[in-house]
Amino acid sequence: MNPIQRAVSLVCAACALAAFGVHAQSSTEQEIEKYRQQVGEENPAELWEMRGEALWKQPRGPKHASLEQCDIGLGPGVVKGAYTVLPKYFADTGKVQDLESRLVTCMETLQGLTREEATKNHFGSGPKRSPMEALVAYITSESRGIPMHVSVSRPEEKEAYEIGKKMFFYRAGPHDFACATCHGHPNLRIRLQDLPNLTDPKDAQRAYTTWPGYRVSQGEVRTMQHRLNDCYRQQRFPEPGYASDAVTALTMYLAVNANGGKYNGPAVKR
Amino acid sequence: MNNHKLRIAALAAGTALVVAGCAALTSSHDAERDAVALMKKDFHSRGQATLDRLDQDEVQKACTRYAETGKLPEGEAQHLQQAQLATVKYPADGDYLGDWKAGEKIAQTGKGKQWNEKPTAKAGGNCYACHQLAKHELSYGTIGPSLYHFGRTRGYGVDMQKYVYAKVYNPQAFTACSSMPRFGYHGILTEQQIKDVVALLLDPKSPVNQ
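Residue numbers (our numbering), protein chains in the order written: chain D, 1 to 270; chain U, 1 to 210.
Bear in mind the hints are in silico, worked out from the structure with no lab data behind them. One thing to keep in mind: the hints can contain errors.
Unchecked claim - Computed Cβ-Cβ distance ranges for the label pairs, DEER-style:
{"no.": "1", "chain 1": "U", "residue 1": "S45", "chain 2": "D", "residue 2": "T114", "range": "16 to 26 Å"}
{"no.": "2", "chain 1": "D", "residue 1": "L55", "chain 2": "U", "residue 2": "L85", "range": "52 to 62 Å"}
{"no.": "3", "chain 1": "D", "residue 1": "H149", "chain 2": "U", "residue 2": "D159", "range": "27 to 37 Å"}
{"no.": "4", "chain 1": "U", "residue 1": "A92", "chain 2": "D", "residue 2": "K202", "range": "47 to 57 Å"}
{"no.": "5", "chain 1": "U", "residue 1": "Q82", "chain 2": "D", "residue 2": "Q234", "range": "44 to 54 Å"}
{"no.": "6", "chain 1": "D", "residue 1": "R144", "chain 2": "U", "residue 2": "Q82", "range": "48 to 58 Å"}
{"no.": "7", "chain 1": "U", "residue 1": "T50", "chain 2": "D", "residue 2": "N187", "range": "31 to 41 Å"}
Predicted model, so just to flag it, every value in this text is computed and none were measured. Using N, Cα and C, we set each Cβ at its ideal position, and we do this for glycine too.
Excised from the complex, chain U in its bound form (with noise of 0.2 Å):
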């Protein structure tokens, strides 16, 4: 209650000041930090999806600042992707290259993390809602590009595999404010779950490359 009767007085506070005609960027400012303390009031744990998951890392807080506006600083973004690259972490065994069988089934499933699913239960990394793939899965999105034949056109060498392999552990690190989920670094995939779909779009034989 009391709690409440604070964020109507930080409301009725940041409103003064639009009215007085501020600047635009006090009151965004202000609005950012209302919607954070309402979603925090409001928001509940369910599941495995506590409550902490409305805090932010350093990528969502910076990514979340420009969402409105475009894109971050060249220097930001840049600053970022270093960061982000120095948090991969590569196999110890220096092998990229899985099974593509088992990175098909990884793309096609998207379960994991949701409050409704077990937090045991190993988790998907959804490739096909946002990449075409290989050619037979017409069901596929486009929030991300194309890979179909991704290794033919990219090449199959052990540097390329070493970049997917990272670049599937963070895709910050090299696109700062990339829509796609870091699967490594939050833990989404483990090493070999990576392994094998670096193998889906790198081995010769996967159904990408056909």
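Just chain D, with the same shape it has in the complex (with noise of 0.2 Å):
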């Protein structure tokens, strides 16, 4: 079998499994564990982590230019690692940036593309793929192995962290709901699904360093700003701009947490 062929007989037999639902017994860990055991050591991702790599290298906007000389954190053009120093200051825009965020600029600056050709289809679905998540996956599979040594020595870092911890442990909405309240606390579950405490070094590690990843219940890869979306949306908070400065500082607390940890993504999640 050629890679791809490979990737899709994956992500066919991870639909499978998805269809399959899973036992009321079993805790989030063991249903990864099973999944891990159908599929060996693959990973549905790669389907992404290709196409990720194919869109990163083709020119497209109306520059007809690649994204080959984007400045991601380590500089125009290096992808290995770069994942590991996100969030961080950059002196063209004059803002701390996540990866999603930064991505938008090279789009804008590099390919000519409006900011919202950019953002156009951020979360995908089936058909409606996302190049974002393609290109979020390429880039983070670039780090794997690497620990996460993301900086708060310049002012705007530290202030992003100080900023995202509050936004953290910010109680609001028709539930009374924080980040905290689900993952504030050690060893908690909903229903059967463990909460990593992410103010914990250890669970944020383990959190952090797995995301992206490729959800079995969806059928894609998700980033970071889709994980959050989603618990902004069961925190019944209205709903966080995509790629936004807000999104941008509460990521830094959480990798801020997770430093030290090696990254291990994108990962297969439940």
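Take each chain as given, in its own frame, and dock them per the hints.
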């Protein structure tokens, strides 16, 4: 089998598993373990990684340029390890940016796309595939095995971290929830889903370094933006803007808490 | 655009204070103000989840303020609980016990108030997300304590019924900064629905008490 065929057959195995449903008795870890045994060491996210690499190199937009000269943290064109330093302050925009926010910037500056064009279809579904999810899968995969080392040495970075921390503990809405309600205490579950305590380095490392993830329940690779969006929905908050400064600040808080953890995504998630 | 520049300026000012080694309290206060401003700039209404949901009431404010450090000071907690107890609207008919079968359904569903749902759709209580209740339901969460055998161990009397009604209506009336949603206060559950979950906990025939 060529890589594409192999990846397609893996995706189908995942669909079958999702359709099969899960036993009420099994915890999240057990579900994922069972799934891993079915697909072996393979990960359907590979399909997204391959598509993302092609997109990275493909000339697009009015300027007919690829993204290969994009600076995503370690200088123009450097992909290897770049994800482990994000979010980070970028002098050209004067902003702290995460990977998705940075990709939008490069699509605007290098390729000449508008922000609307760049962020259209940011969460793909089925045949309406997302270029973002593929690009992020590719770029993050190039950081596998490298420890997270996000810096807060610049005042802008420290400020983003502090704001993100406040957002994490901010209780509001009709359910009085904050992120901390579900992710601020050790060893909690919602139903059978284990909830990482994202204020604890060990849990934060395990959670952060495994996103983006191929979500078995959705048959898609989802990014951290998508995970946070879905948690905000459950939190009964209004919707955060895609690749916005607010999401970047919150991501900064999560990333710094995960510092030292070896990056291991895109992973397989329930 | 202007807003954005202002915010950057505010950030820079806040930063200068930190760099100058000002009291931690000041920078924390600034970060909180900046966080709220940033959320209001970058979040948008979607369906029933409107932007004004970011505005906090007294309880949410107080509980956010102390979330990082732990507990509310004792006096403030007492005060908050008293004020919240006063918000509880008890049933006019004085009857707290509904139908445990309906209560079990309410405990099972977590629907309601999310941006992808119809605002008119009846919400659930999602009690199983956080609590063990009936023994046969193995898929339960652990954010709250187990409520299995609640009536059997705590008693079935009318005082206990009244307590559970008020607790579900407004948990903050008894435990300041509880993680449990204020189901009655926020209008998530109706009076009848709250009676039904009271029955789930306190009807001797309910599976919770088997």
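Comparing the hints with the structure gives:
Distance hint for S45/U and T114/D: a CB-CB separation of about 23 Å, consistent with the stated range 16 to 26 Å. A hinted range of 52 to 62 Å for the beta carbons of L55/D and L85/U is consistent with their spacing of about 58 Å. Taking the beta carbon of each, H149/D and D159/U are about 58 Å apart, not inside 27 to 37 Å as hinted. Between A92/U and K202/D the CB atoms are about 52 Å apart, so this pair conforms to the stated range of 47 to 57 Å.
Between Q82/U and Q234/D the beta carbon distance is about 31 Å. The supplied range of 44 to 54 Å is therefore violated. Taking the beta carbon of each, R144/D and Q82/U are about 55 Å apart, inside 48 to 58 Å as hinted. A hinted range of 31 to 41 Å for the beta carbons of T50/U and N187/D is consistent with their spacing of about 35 Å.
Violation of the numbered hints given earlier is confined to hints 3 and 5; the remaining hints are satisfied by the structure.
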